[in-house]
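Participant: The chain contents come next:
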Amino acid sequence: MLLSEKELVDLFRVAPKESFELLLRNIKMREILEDLYSKHKSGIKLYYNDQFDKIFEELFRFFFRPLEIAVLGSRQLELIFPLPETLRLYETQSELLNAYREFMTTLYNHLKLTFELYMGYVMTEDLIQRFVDLYLKRIREHISEFTSVELSTEIPFLLPKVAVDRLEKALESWNEFSTAFKSFRTMVKETYVKGAESFIKKANEEEFKSYQEFTYAFFNEEAKVFDELLKSEEYLKTQGRMLSGLMDYIYNFRTFIEEIIMNNPLNPFATISLMDKAFERIYELKRRIRELEKRIERLEGGGDVS
Amino acid sequence: MLVEKIKDVKPGCSEHEVVHEDWVFKLLHFKSKPKLKTPLVISYAYINRPYILDLHKDVSVVKYLIEAGLDVWMVDWGYPTFADRHLRISDYIDYLDFCVDYVREKRKVDRVTLHGYCLGTTLSVIYTTLYPEKIRNLVIQTPPINFDTTNTLALWAKNIDPVKVSNALFNATGEFLNLAFLLVDPIRLVVGKYQALLDNLNNEKFIKDFFYMDHWIFDSPAIAGKVYEEYITRWYQRNEIMKGKYDVNGRKVDFSRITMPVLVLAAEKDHITPPDAVLPFFKAIPSKDKKMLMSDKGHIGLTVSRSSHKKIWPEAVKWIVERSG
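One line per chain: the protein sequences are A and B, in this order. If you read the first sequence in the numbering used here, its first letter stands for residue 1, the second for the next number, and so on. If you read the second sequence in the numbering used here, its first letter stands for residue 1, the second for the next number, and so on.
If you are wondering where the hints come from, they were derived from the structure by calculation, not from laboratory data. Backbone N, C-alpha and C define an ideal beta-carbon position, used for all residues, glycine too. Errors might be hidden in some of the hints.
[What the hints assert, rightly or not] Capping the alpha-carbon separation at 20 Å, the derived lysine to aspartate or glutamate pairs in EDC-like fashion look like this: (1) K63(B) - E15(B); (2) K283(B) - E240(B); (3) K193(B) - D296(B); (4) K231(A) - D185(B); (5) K33(B) - E322(B); (6) K41(A) - D199(B); (7) K193(B) - E31(A); (8) K28(A) - D199(B); (9) K208(B) - E21(A); (10) K57(B) - E15(B); (11) K45(A) - E197(A); (12) K297(B) - D227(A); (13) K158(B) - E234(A); (14) K189(A) - D185(B); (15) K17(A) - D8(B); (16) K57(B) - E268(B); (17) K310(B) - E268(B); (18) K7(B) - E21(A); (19) K224(A) - E197(A); (20) K269(B) - D227(A); (21) K7(B) - D10(A); (22) K106(B) - E17(B); (23) K63(B) - E315(B); (24) K161(A) - D10(A); (25) K269(B) - E258(A); (26) K5(B) - D58(B); (27) K164(B) - D165(A); (28) K134(B) - E322(B).
[Claimed, not checked] Stretch by stretch, here's where chain A covers chain B in the computed footprint (C-beta under 8 Å, at least three residues): (29) 153 to 161; (30) 192 to 201; (31) 211 to 225.
Full structure from sequences and hints, please.
Facilitator: In structure tokens, the structure reads:
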């Protein structure tokens, strides 16, 4: 390890968080690059393997991680609310629970018969009846838990239609974002592999005299292919779609929560959109005040007040 | 120990005081005993922090200007929060006007030298066309004025929807912008740079310079949402300033009003604002006393590299001093 664990902990306290993360990732990359160089130095031919994949992960995870968190975070949404795909999942669960109920009924019948046979020896009638009553009460009162799921178009105050609309839009945007993110990731990975293969070809044709020369050649080959990619039409379109999908998702999901809050008469909070509106008005007022101050200054100075 | 070497790294070396505050904006005054009559007001970009011009004593442009006898003032655009989302570019121009008037009044002069840097240059150029009578000299450093360029960042800016960003995040946050600035050149900025640091762990000077820069790079203010919308749409996507279509509250930005002395500092390897971002402007302005100094460095190297402080800044400061008596 280039830096000891204690040094890294101390560094975390004083360095910017981004510098720290990038330094950690580069230490890992360096360990792999040093190993690759030692192979190259010993005359072993290089080929694209999981070491290059690990370098890729360290390099681009810094960019991918916030986006992956957005993808994963969105999945939770699908499980919370009664949308078609979620309902199908609930139905499957319902079938499973029904099977379990049937099993419990059979077990109950079996136990009942057994208890009746042993009646008078070890158990009292009251206890059995109490068990039966409790079980039936549970089935009667919570039948929907075991049998079916109903889709409500609107639950007044709790889940208004406008909120459901927002949620659907959020999920649509998330789908757009995650599709674009997959293309983005594939595009970046393919470019990286292209750069790495070009470097491997060079490394297998000529001998690099030092580690620095070796890594410089690697970075140089990668930089060349990325310079080309980042300006390409396809990349621009994909990045644009990804950003657009992510921003729509954030906006729609936030407004979905705001709609739920604002439609509930028990809600004691102002939403961030209401605050935003208030700040907009404050800035407008500030501009008007500044304009009036200028007019007064001009009036006092006898200048033009138009 | 690496930490021992960087624990004192605190950017900003010249003593200054905050002479005025207006919510998020501030006007700073650097302490000095000026010999020259014309004060110099620096308008830095609202996208980063202005102390890059005063990073540490070996590469401080501010220190250089002060030592040359100039009275240096600096506008600090601050860290816009959620509450500042509705700031507009016209508010920046308005505060710049306030600062210029404040300095004129304090120093009892009619005109000041206005020194813009990066997007602070764009504000300075807009301001100068609106109030040319208040500007004695215009100095613009790595200026984005013509946004119709082919560098990666400009292409990206033309292919995004800033309104969606503003609606979702309220402001274009510093972290969002940092990711974009690193992704523009991922191999050099995410790997090459940090591998060079690992190559130089025993070189104290290298390490200090590195962390001075990284502290600055990742100390990124958000861009207020409505400013972001306007800057991407009207500057990058429509190139309104260069086309003569940009206005501030109905007042047109007209280059024909830039007749005062103009100094342009550009950088050949600038991947953020390449020389093409200023050349058409330089040709278009009618000023008869105009000069361009071209550095062989990049966007930031022009300010903080030791070679620029040997080659470019002595000539630039000499030009300013000669016009500040």
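Participant: I'd like to know which numbered hints this structure contradicts. Please list them from smallest to largest.
Facilitator: 16, 24, 25
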